[in-house]
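For the sequence shown, the numbering used here begins at 7 and goes up steadily by one.
Careful: at least some of the hints might be erroneous.
[As the list claims (entries may be wrong)] Computed cross-link-like contacts, PhoX-like style, restricted to lysine-lysine with a CA-CA straight-line distance of at most 25 Å:
1) Lys136 to Lys125
2) Lys204 to Lys181
3) Lys357 to Lys178
4) Lys125 to Lys93
5) Lys357 to Lys125
6) Lys256 to Lys204
Quick caveat, the hints were computed from the structure, so don't treat them as lab data.
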Amino acid sequence: MTDPRFDALAEVLTGFSTSLQPDEHVLIEAFDVPAEIVIALIRHARKRGAIPHVQLQNNRIRRELLLGARSEQYEALADYELKRMEKMDAYIALRGSHNITEESDVPTDRLLLAAKLLKPVLDRRVNQTKWVVLRWPTPSMAQMAEMSTEAFEDFYFSVCTLDYQRMEPGMKALKALMNQTDEVRIRGAGTDLRFSIKGIPSITCGGLHNIPDGEVFTAPVRDSVEGTLQYNAPTVYQGTAFDGVKLTFKAGKVIEAASNQTEKLNAILDSDEGARYIGEFALGFNPYILHPMRDILFDEKISGSFHFTPGQAYERADNGNRSQVHWDLVCIQRPDFGGGEIWFDGTLVRKDGRFVVPGPDALNPEHLTGNE
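Start from the sequences and build out the full structure, keeping to the hints where you can.
Shown next, in the form of structure tokens:
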């Protein structure tokens, strides 16, 4: 029997998120997820008159391919995947995994080679299609969230099918405020950071590209970042678990980087010139996501958080930084995570994870959950 929550989620993804239209081509890429959700997506796409395409992926097989990655292999892969992506109007990805560190023993140089050669496919998908990406709930995710499998599934479907339109007034106000801001100052435990966002557009994210969602992002002026940032959310990147990442910046560049995996951290930041510069600054405010679980798509939306991202900038909020890396490292500023402040041009905007100025304060949890 099909879980009715699958249909509810498929309706959000094909309707609200990608707004599929008649005769549009949509690629559904599924990594280790139940066939039933893929079938639900096919059916809902067809209900809208769209033309569905499916690619099934397996993370253990992906790891095996990466272990012996060769330029000739990934050049060929990128060639035909790019040609396919050029035919697509929309892209929906569901990414499940029974082991979030599946790629932890893949040599870094093989991961970097594959990422570099496949980057044109990623750029085409991000900049030229209507796209949405989400994780799929698994027992390993429930374990990372310190929840039972059943409780995590209930949490997952509640978060992923919430009414994102409630975010729109607050996001609009925050976007307007960020668009008129020059200097940002961030203070907190182990953090004293300043940078400019002048002249770089801010973008609202309320369920159109990521599920779950809830952020407004921009990018710092590339060379303006100065100071130190202590991230407090654990993370997984390229199959490796990182804790306690701390970065020091001068003239925009990361000049010092440390964590529990300092050597591997610096290897990632040395992937290319742009990896030591920041490509995104975003404020997260999903009211139902409160604790990190080493899953970036969830953690970057945590209520009262911000992320400050080494690597590639988005074209819609472009500071000119280019890199094969885009690593959304997260800092949570609610009191239970040490608190903190964000200032725009000398005005306190958010304190201890709560917006304290009219307009953006509509993004505080009680306004988004209906528990006012």
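Quiz item: Is Lys256 close enough to Lys204, meaning Cα to Cα at most 25 Å?
Solution: Between Lys256 and Lys204 the Cα gap is close to 18 Å, so the pair holds against 25 Å.
Quiz item: Are the Cα atoms of Lys357 and Lys178 separated by 25 Å or less?
Solution: At roughly 20 Å apart (the allowed maximum being 25 Å), Lys178 and Lys357 satisfy the hint.
Quiz prompt | Lys204 paired with Lys181 [C-alpha distance capped at 25 Å] | solution = holds (13 Å)
Self-check item: Restraint check for Lys125 with Lys93, where alpha carbons must lie at most 25 Å apart
Solution: Holds, at about 17 Å.
Quiz item: Does the structure keep Lys136 and Lys125 at a Cα separation of 25 Å or less?
Solution: holds (18 Å)
Self-check item: Lys357 paired with Lys125 [C-alpha distance capped at 25 Å]
Solution: Violated, at roughly 38 Å.
Hint compliance for this structure: hint 5 alone is broken.
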